[in-house]
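Engineer: Residue numbers (this note's numbering), protein chains in the order written: chain R, 1 to 348; chain L, 1 to 311.
Incorrect hints may appear among the rest.
To be verified - EDC-like, lysine to aspartate or glutamate: derived pairs with alpha carbons at most 16 Å apart: (1) R/K244 to L/D247; (2) R/K269 to R/E331; (3) R/K3 to R/E134; (4) R/K69 to R/D343; (5) R/K244 to L/D250; (6) L/K44 to L/E28; (7) R/K244 to R/D220; (8) R/K244 to L/E43; (9) R/K69 to R/D347.
As the list claims (entries may be wrong) - Just a few of them, taken from the derived set where beta-carbon distance is under 7 Å, the chain L residues facing chain R: (10) G42; (11) I129; (12) D247; (13) P251.
To be verified - Reference listing, derived: stretches of chain L covered by chain R, where coverage requires no fewer than 3 residues with Cβ under 8 Å from a Cβ of chain R: (14) 32-40; (15) 109-121.
Derived from the structure by calculation, the hints contain no laboratory data.
Backbone N, C-alpha and C fix where the C-beta goes; we use that ideal spot for every residue, glycine too.
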Amino acid sequence: MNKLVMALSEAARIWNDSRSQPCRGEAVQTTLSAPNSFTEEALGYAIDQQMSEVAESALTKWIQGRVPKRVHRVGVINAGNVPFAGLQDLLAVLICGHSYVGVLSRKSPDLLPAFVQTVRNQGAEIDVSFTDRETIWTQIQAVIATGSDASIAQIRSLATTRGLDPRKCLLRGNRYGIAILDGRETDHDLDDLAMDVLLHEGMGCRNVALIFAPVGLEPDQCLEHLAQMRAVFPAHPSTSGRLKMQQAYLTAVNQPHAYGEGLEFLISKGPPEVQMPGHVRWVVYRDMSEVIHLIAEMRNKVQCMVARGGLCEKLPKSWNAQPLGTTQRPELAWMPDGRDTIDFLCDL
Amino acid sequence: MTIAEIEARFTSLNREDNAFSVIERALEAYQRTHCEVYRRFGEKYLPVAAFKHVEVVTFPASEAECVFQSSATGSGLRSRHFVRRLAVYEDSVCAGFEAVFGEGPYTIWAHLPGYSTESSLVQMLKILIRRYGDDRSQFFLTEGFPGDPDTGFPLVLFGAAFGLLDLAEEGPWRLPQDARIVETGGMKTHRREITRRELHACLAEGFGIQESQVWSEYGMCELLSQAYSRGGPVYTPPPWMRVQVVDPHDPKRVLPDGEPGLLTITDLANMHTVSSLLTEDLGVSSGDGFEVLGRFSGSALRGCNFLLEGR
């Protein structure tokens with residue numbers, strides 16, 4: 001175990017040491033040419049952030065001495081909507097001592113294999129292989145997958161057909177993030193909010209899709225910070241195309257909205273309905289009881305909630321609200337859908 | 001071509017007829033002129049969500065003969081489809097039904113628990129029962145069947161997916177082997193989402209018929225036409241309805257057969273509202289038809305979705 005943890009943290013250190021490391025550089029180049037909406041700036045940021053989490057102390061703290069009942073071949077069907085979306089599952093399977101059989105997204109086919117190779121280069125003997133979505137079912141004894149309700153229904157059906165015990169399937173639905181404002185946000189808070197909304201073009205299950213704002217608070221200041229964020233993280237060329245029809249629609253139905261130069265982002269006022277990536281909905285509330293009521297209705301679809309530090313303390317503890325700017329910087333031990341992946345893997 | 005001429009001939013189009021494109025263009029020009037929402041929109045395929053937020057009409061809404069309403073969504077909003085002439089809807093419903101089922105007569109049972117009388121599906125079944133049903137045809141909400149299914153005419157049991165599942169579980173039933181079940185969607189209500197294949201297998205087993213006798217209907221409040229599948233996953237639209245699959249990230253890009261994306265529908269029967277709509281359904285083209293893979297929302301596009309990775 002110690003040898004594996006050291007190899008993982010050393011591989012992460014190598015990747016984090018310099019963006020020009022050959023193992024990382026080649027994977028980045030091929031990833032940018034894959035059919036995704038990654039930009040060089042956002043991809044670099046994501047790799048730096050994820051690798052900084054893979055430290056010996058963090059890995060040891062995460063596993064907390066837990067050991068699996070027995071070793072399994074665990075299949076992981078990886079998402080590819082944000083860079084390194086499947087890294088946490090890969091690490092979890094490995095530090096639990098299981099074998100890993102991954103299906104890669106065609107949107108991001110190179111990052112995980114390249115990182116695995118770097119881990120192997122550190123002398124770690126890890127049982128990792130990659131396969132396709134058809135043949136994986138003959139090779140695995142447990143599965144982890146994330147997707148929309150419809151795609152999860154399909155995965156559940158396939159798992160049942162293949163005789164996989166439902167207790168050996170960790171299936172996660174698609175989710176989104178929520179930001180709650182009270183009008184006392186600083187410029188720094190709003191910079192962080194802009195990252196929560198726009199990084200990775202609004203993709204990812206933690207991305208902020210709805211901003212709850214008190215009556216009287218207008219989004220003007222927020223717009224400035226969204227535009228400033230775009231100066232550092234330029235939009236992918238596909239974003240403006242995706243938002244063009246949305247903007248035309250908002251105009252057609254007379255829904256109040258604003259957008260960045262070149263349609264690099266879109267913000268609209270209205271009911272709490274999740275819009276396309278890059279389009280954030282500004283939801284006005286009268287008082288906190290209304291927010292509590294609205295969030296209660298959508299709670300099972302919300303992956304995370306963020307607010308400024310002082311406000312987090314006033315929100316219901318069960319929401320586990322985190323500071324603004326943390327949605328795309330999850331800790332290694334974060335629990336998608338509130339379920340601990342290590343617990344799942346140890347109970348197999 | 002005038003709207004009156006289109007009303008008179010749209011159901012007599014055939015699939016090879018290039019009149020579809022002629023009518024489509026004529027309607028687009030007409031709807032851009034007379035529908036303020038569509039004029040402001042400027043793009044071709046109007047998102048169906050528009051029916052929730054505004055009056056999508058080419059005529060004064062007060063002159064509508066009927067207003068179809070969908071069930072409420074999470075935000076409490078309901079789509080409203082202002083139907084200028086019910087005769088157009090009836091023509092579309094009947095021509096679509098006859099092309100698939102023939103002229104009947106049938107015993108038509110409709111099991112739609114929880115559906116309001118403003119639902120387009122309820123209206124459609126009222127028309128079908130009146131035009132093609134025998135005197136035992138009816139709506140029913142009871143536990144169990146409303147009578148002996150062996151009526152002397154072939155039975156067609158229409159129902160929302162989960163209502164039919166509940167009914168099947170009250171069985172086992174044994175319907176006549178020439179009976180057909182037509183599920184009308186609604187894959188997700190009070191239970192977990194299941195695949196269409198699982199649904200059809202459960203219904204076939206629960207009602208004691210071959211799986212090939214479980215058919216599907218695809219329709220929605222915002223459309224005046226329907227597509228049917230005959231015992232498989234592929235829906236065939238009528239000749240006056242064209243379905244294309246587009247890239248959710250770039251709705252102007254039409255995707256080839258087999259590549260999953262958002263369904264767009266041009267329904268010539270929607271002549272008095274807007275004919276070309278962008279749905280919230282994920283699907284794939286398949287020859288002259290299409291498959292529906294599931295609902296597609298903004299959150300589905302944000303999160304990861306294997307169904308969009310291709311098959």
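Engineer: Next, verify each hint and record whether it holds.
Structural biologist: A quick look at each hint next to the structure:
1. R/K244 to L/D247: holds (14 Å)
2. R/K269 to R/E331: With Cα atoms ~31 Å apart, R/K269 and R/E331 exceed 16 Å; violated.
3. R/K3 to R/E134: violated (34 Å)
4. R/K69 to R/D343: Distance of about 11 Å is within 16 Å: holds.
5. R/K244 to L/D250: holds (9 Å)
6. L/K44 to L/E28: holds (8 Å)
7. R/K244 to R/D220: violated (21 Å)
8. R/K244 to L/E43: Status holds; Cα separation ~9 Å.
9. R/K69 to R/D347: holds (6 Å)
10. G42: holds (5 Å)
11. I129: With a closest approach of 32 Å, the L/I129 hint is violated.
12. D247: Since chain R brings no Cβ nearer than about 9 Å to L/D247, farther than 7 Å, the hint is violated.
13. P251: With Cβ-Cβ at 5 Å, under 7 Å, it holds.
14. 32-40: holds (count 3)
15. 109-121: Violated: only 0 residues of the segment 109-121 of chain L have a Cβ under 8 Å from chain R.
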